[in-house]
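Asks: Listed in order, the protein sequences are those of chains D and H. Everything in the first sequence is counted per my numbering, starting at 1 for the first residue and increasing by one. Everything in the second sequence is counted per my numbering, starting at 1 for the first residue and increasing by one.
No lab work stands behind these hints, which were simulated from the structure alone. Don't be surprised by glycine CBs; every beta carbon is placed ideally from N, CA and C. The reader is advised that the hints may include incorrect statements.
Unchecked claim - If you want the footprint, here are the derived chain H segments under chain D, 3+ residues with CB under 8 Å:
no., segment
1, 366 to 375
2, 380 to 391
3, 486 to 496
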Amino acid sequence: MKTKNIFLLIFFFQLFAATLIPSIAVSAQQPTPSDDEVNAIARQLYCPVCENTPLDVCPTTACHQWRELIRQMLAEGKSEAEIKQYFVDYYGARVLSEPPRTGINWLVYVVPPVAFLAGVTLLFRAFTTWKRLTKEPITGADHSSSSGSGPEPAEGSGTAVDDEYVARLEEELKKRN
Amino acid sequence: MLAQSGFGVFVLTFLLALFSVGAAVVGYFDKSDRWVEAARRAMQLTFPLISLATLMLAYLLVTGHYELQYVYSVTSNDMPFYLKLTALWGGQAGSLVLWSWLMSAFASAVTLRKWERDRELLPWVIVVTSVTLAFFLSLTILYENPFARWWQTTGGDFVPRMFAPAGAVPITPADGQGLNPLLRHPGMIIHPPMLYLGFVAFVIPYAFAIAALVTGRSDDRWIRLTRRWTLVAWLFLSLGLVLGMRWAYDVLGWGGYWGWDPVEISALMPWLTGTAFLHSVMIQEKRGMFKQWNMLLIILTYALVIFGTFLTRSGVLSSVHAFSQSAIGPMFFAFIGITFVTSVALLIYRWKDLRAEVEMKSLFSREALFLLNNLLFMGVLIVCFWGVIFPLISELVTGQKVTVGPPFYLRANGPLFGALLALMGIAPLSAWGRSTYKTLGRALWKPSIPSAIVPVVLAILGVHNWIALVGFTLVAFVIFVTLFEFWRGVRSQQKKQKVNFLVALWQLAGRNHRRYGGYLIHLSMVVMAIGILGIELYQTTTQKTLAVGEDIQIAGYTLRFDSLAQFPYTDGRIVTRAALSVFRGDKFLGNLYPRYDYYTASGQPMTIAGVRSTLADDLYVVLVNWENVSAAQAPFKVYHNPLVNWLWIGSLMFIFGFLVAAWPEREDEKREGKI
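With the hints as extra help, turn the sequences into a complete structure.
Replies: Here you go:
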């Protein structure tokens with residue numbers, strides 16, 4: 001019985017060792033994440049304490065600890081998305097380099113293109129109005145009545161193009177514009 | 001005693017500025033030259049007075065009067081003389097003094113000239129400049145007094161006050177905290193005055209614009225009168241921005257020059273409207289168009305100048321709560337609001353008088369392309385403005401702060417900057433007035449051919465990033481167009497004068513400084529664009545802890561860690577300096593000495609990168625001071641920054657181009673009596 005117990009103990013020990021050894025081997029094979037791997041994620045995050053400083057270049061002790069935390073999480077096999085989410089959960093959306101595309105934050109992405117397109121539309125409408133007006137006789141003082149409005153040179157005539165350019169240049173130089 | 005006198009001078013100057021405003025208004029409405037003259041003299045008197053107060057402050061700074069809170073906070077015994085002097089603008093109170101001093105200097109200079117032809121504008125130019133001056137002086141007197149001294153209250157607290165609190169005793173510290181180490185860099189010493197010169201100089205064209213609006217003058221006289229002021233403002237603002245970039249590159253140790261930080265953007269925004277204005281006023285001068293738009297642009301520029309100062313001085317960027325606690329924040333906010341609303345109301349009042357004298361004739365004319373250029377600048381402005389204020393809006397509405405960082409700005413502004421580059425190439429080839437796609441096409445095809453070869457060559461050389469291919473093609477296009485313009489002009493000059501190429505070039509540029517100086521500025525911008533494209537698209541970085549003798553590789557370079565030394569320096573720094581050898585293959589290229597300095601008095605560190613600079617690239621090595629450093633091993637972060645030096649070369653070219661553009665034209669001087 002005693003011998004049987006010893007064998008059982010050895011068996012369970014071997015079983016335990018057999019389950020343990022692969023995990024030891026795995027952790028031995030998984031090297032500590034490099035600085036570059038840590039920085040690849042840290043540069044996408046902003047220091048929650050310092051203003052507008054990416055985590056990969058922030059010199060504070062707190063940021064050093066956060067970089068070490070990223071290293072540890074990478075070593076634990078966490079993905080980039082999981083690590084970023086961890087920081088957002090703990091410190092808020094301000095750690096991300098851009099506002100998450102949710103709720104009111106959509107405004108940051110929508111307002112500039114809408115405003116720019118509104119400007120383009122206004123400009124286009126103004127252009128078409130002007131074009132319509134210029135078909136009618138132009139009244140009022142034209143500051144450059146002859147500027148660029150000389151006779152059109154014949155198509156493909158190199159000399160004519162040059163002459164036109166020289167005439168225009170001379171006129172513009174005289175007008176200092 | 002000196003401090004009390006300095007404060008007294010500021011109060012007197014403030015009252016004088018207020019008097020100047022009142023006298024100018026009375027003089028205008030009563031049509032009294034005597035009142036206007038009194039206003040002018042009062043305005044001119046502010047300059048020697050503020051100079052005197054500034055000199056007093058400078059004396060107190062260099063002689064170490066640490067009983068003054070400002071002197072205590074920005075100087076220390078171990079600082080060299082020149083740094084004690086430049087500490088004048090090293091803190092909030094001092095920088096506001098600098099603002100006021102520059103404002104009074106410029107306003108005095110403007111009012112020095114004889115005003116026969118434009119007498120009606122004078123009172124309102126005085127009003128605008130004096131109101132601006134009085135506002136900044138009020139901040140100095142009420143909230144940011146550089147002459148306030150330390151007192152110890154009966155409760156034992158140390159407080160800075162101008163006058164003794166009840167029962168308090170004066171305190172004189174033996175030494176000061178010293179200037180922030182980050183500000184002890186040549187770039188940072190010159191950067192703030194340059195930026196402020198640009199900011200304040202833009203007040204002058206704004207003052208004339210408001211004067212034109214109030215008096216109902218709808219001609220372009222105000223633009224012609226202030227053309228040089230506008231150029232000077234733009235030059236200094238541009239230089240201020242570039243120096244700020246260089247400072248960031250040298251001192252901040254993150255391998256870049258521009259981080260899309262709100263403080264940087266606040267200086268960029270008036271530059272954007274100012275640049276749009278510089279282009280747009282040409283259309284008014286040439287064609288009598290866009291009068292309303294030009295007014296709006298200069299009003300916006302002024303508002304953004306004050307807004308930029310407000311953003312950096314009010315604490316609002318840290319948090320909206322800091323803003324509400326800040327004393328000067330609400331003052332700034334109110335001032336911007338009042339001046340902007342008043343200016344826009346005036347513009348609306350004169351809207352009909354400012355109608356264009358002619359209509360746009362062609363979509364391909366130079367004025368149409370300039371308008372498109374303005375639209376693009378406004379697009380960049382919207383992106384920047386919205387990106388800066390959105391975190392504040394988010395905090396106000398949701399209570400949660402967000403970061404709007406570089407990815408947002410780069411994605412939104414990249415295409416706009418690309419389009420601006422394209423326009424920089426196309427617009428000089430278009431004609432004023434009637435220009436058709438045919439005439440423009442005929443002018444475009446020659447420079448387009450060599451430009452089209454550029455992406456092919458780059459692709460063969462291994463450049464496959466499409467943004468780089470488009471960017472470098474546009475750069476090449478602008479360069480070819482500009483050189484083509486010079487060549488055609490010179491050839492025409494040669495035909496006319498029968499002179500050699502260089503003489504013809506000299507004569508050509510001499511006939512129109514503004515045009516050819518402008519082209520040189522365009523060239524400088526695309527040279528800067530080469531540097532920006534290089535570093536933004538191709539920067540690589542790596543970080544590793546090295547034992548002595550170990551190396552690190554990046555972009556074909558090998559850097560070997562040779563040694564590390566730590567030693568005290570005469571000005572109280574403890575310097576930790578590493579020595580590395582740089583190799584390309586087996587070839588030894590030289591040594592680099594990255595270091596970090598620890599300022600014991602203030603407890604602040606400063607990182608100085610070791611940089612190997614060539615026209616092709618920069619090798620930028622940082623001793624990562626926040627990690628574990630020892631004589632045996634140290635962590636290094638290495639950046640490879642391709643082409644970045646072209647950014648600085650372009651900046652130097654820009655100054656040259658500006659000098660050509662702004663060089664006085666004798667006929668103009670006689671004709672217009674410029675100021």
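Asks: Verify the coverage statement for the segment 380 to 391 of chain H against chain D, using a C-beta to C-beta distance below 8 Å and requiring 3 or more qualifying residues.
Replies: holds (count 6)
Asks: Between the segment 486 to 496 of chain H and chain D, are there enough contacts, at least three residues with CB-CB distance under 8 Å, for the coverage claim to hold?
Replies: holds (count 4)
Asks: Closer than 8 Å, Cβ to Cβ, for at least three residues: run that test on the segment 366 to 375 of chain H against chain D and report holds or violated.
Replies: holds (count 4)
No hint from the list above goes unmet by this structure.
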